[in-house]
Amino acid sequence: SAVISQKPSRDICQRGTSLTIQCQVDSQVTMMFWYRQQPGQSLTLIATANQGSEATYESGFVIDKFPISRPNLTFSTLTVSNMSPEDSSIYLCSGASGRSAGELFFGEGSRLTVL
Amino acid sequence: AQKVTQAQTEISVVEKEDVTLDCVYETRDTTYYLFWYKQPPSGELVFLIRRNSFDEQNEISGRYSWNFQKSTSSFNFTITASQVVDSAVYFCALSEPSSGNTPLVFGKGTRLSVIA
Chain A
1 SAVISQKPSR DICQRGTSLT IQCQVDSQVT MMFWYRQQPG QSLTLIATAN
51 QGSEATYESG FVIDKFPISR PNLTFSTLTV SNMSPEDSSI YLCSGASGRS
101 AGELFFGEGS RLTVL
Chain B
1 AQKVTQAQTE ISVVEKEDVT LDCVYETRDT TYYLFWYKQP PSGELVFLIR
51 RNSFDEQNEI SGRYSWNFQK STSSFNFTIT ASQVVDSAVY FCALSEPSSG
101 NTPLVFGKGT RLSVIA
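Each protein sequence line maps, in turn, to chains A and B.
Last residue of the first sequence: number 115 in the numbering used here, and the count goes up by one each step with no gaps.
Last residue of the second sequence: number 116 in the numbering used here, and the count goes up by one each step with no gaps.
The shape of chain A in the complex, shown without the other chains (with noise of 0.2 Å):
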């Protein structure tokens, strides 16, 4: 299974402030992804990080609001762009490899509180 390390474990922010978020993994994996978890609430999607192009958001999230970049395969990066107080969640850096079809690894999550 892939290991996946992501930075700043936890934050917390100034409101107008902006943040990125790191996540690296030790081995190649052929999808990234990025999730959201609201205080108490379930996983939701936000974008698939694609290597050297523009990330492929779901409804509900835009880049502007969530830059996301992915240079390589082992690495990308979420930002988390003028932040409010509604932005405080859980943010999950996850990664699938064509070895394990399906199945995904999670990075330990970062928790931003936007004050």
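These are computed hints drawn from the structure, not numbers from a lab.
Think of the CB as a built atom: it goes at the ideal place given N, C-alpha and C, for glycine as much as any other residue.
It is possible that part of the hints are untrue.
Cut-off 16 Å, straight-line C-alpha distance, at most; resulting in silico cross-link-like pairs (EDC-like, lysine to aspartate or glutamate) [stated by the list, open to error]:
#1 B:38 x B:56
#2 A:65 x A:54
#3 B:38 x A:108
#4 A:7 x B:44
#5 A:65 x A:86
#6 A:7 x A:108
Label pairs and their computed distance ranges (CB to CB) [stated by the list, open to error]:
#7 A:63 x B:67: 36 to 44 Å
#8 A:56 x B:29: 14 to 22 Å
#9 A:75 x B:60: 21 to 29 Å
#10 A:44 x B:29: 47 to 55 Å
#11 B:116 x A:79: 38 to 46 Å
#12 A:38 x B:67: 37 to 45 Å
#13 A:51 x B:60: 18 to 26 Å
#14 B:20 x A:50: 37 to 45 Å
#15 B:26 x A:85: 31 to 39 Å
#16 B:61 x A:52: 38 to 46 Å
#17 B:84 x A:64: 40 to 48 Å
#18 A:24 x B:14: 38 to 46 Å
#19 B:63 x A:56: 37 to 45 Å
#20 B:5 x A:85: 39 to 47 Å
Given chain A, put chain B in place with the hints provided.
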């Protein structure tokens, strides 16, 4: 469209009791994968099991067991002789990888509290 329903929002049991977490899913695909993940209070997601749609055999792993029934579109999870360390939120999830690796759709989760 894919959908995963976990009707039980919260369950509390006394230590050593058995508990079953329900999961019902909807999919139009004949090939799909079902998962259970555990999310302890620390927040990370821990993979528990993956089951593909062609394998209806029940599975047992220690105190954990899973009952997959395609006829009722259910994939229930039972913890035998529950322990306090089992307290967590448990998520059932579905994937349809017919066009390659696809992201998971998660149920809303069931919060399990095991009381000593």
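Status of each hint after checking the structure:
{"no.": "1", "hint": "B:38 x B:56", "result": "violated, 22 Å"}
{"no.": "2", "hint": "A:65 x A:54", "result": "holds, 14 Å"}
{"no.": "3", "hint": "B:38 x A:108", "result": "holds, 12 Å"}
{"no.": "4", "hint": "A:7 x B:44", "result": "holds, 13 Å"}
{"no.": "5", "hint": "A:65 x A:86", "result": "holds, 13 Å"}
{"no.": "6", "hint": "A:7 x A:108", "result": "holds, 9 Å"}
{"no.": "7", "hint": "A:63 x B:67: 36 to 44 Å", "result": "holds, 42 Å"}
{"no.": "8", "hint": "A:56 x B:29: 14 to 22 Å", "result": "holds, 20 Å"}
{"no.": "9", "hint": "A:75 x B:60: 21 to 29 Å", "result": "violated, 38 Å"}
{"no.": "10", "hint": "A:44 x B:29: 47 to 55 Å", "result": "violated, 21 Å"}
{"no.": "11", "hint": "B:116 x A:79: 38 to 46 Å", "result": "holds, 43 Å"}
{"no.": "12", "hint": "A:38 x B:67: 37 to 45 Å", "result": "violated, 30 Å"}
{"no.": "13", "hint": "A:51 x B:60: 18 to 26 Å", "result": "violated, 39 Å"}
{"no.": "14", "hint": "B:20 x A:50: 37 to 45 Å", "result": "holds, 39 Å"}
{"no.": "15", "hint": "B:26 x A:85: 31 to 39 Å", "result": "holds, 34 Å"}
{"no.": "16", "hint": "B:61 x A:52: 38 to 46 Å", "result": "holds, 39 Å"}
{"no.": "17", "hint": "B:84 x A:64: 40 to 48 Å", "result": "holds, 45 Å"}
{"no.": "18", "hint": "A:24 x B:14: 38 to 46 Å", "result": "holds, 42 Å"}
{"no.": "19", "hint": "B:63 x A:56: 37 to 45 Å", "result": "holds, 39 Å"}
{"no.": "20", "hint": "B:5 x A:85: 39 to 47 Å", "result": "violated, 30 Å"}
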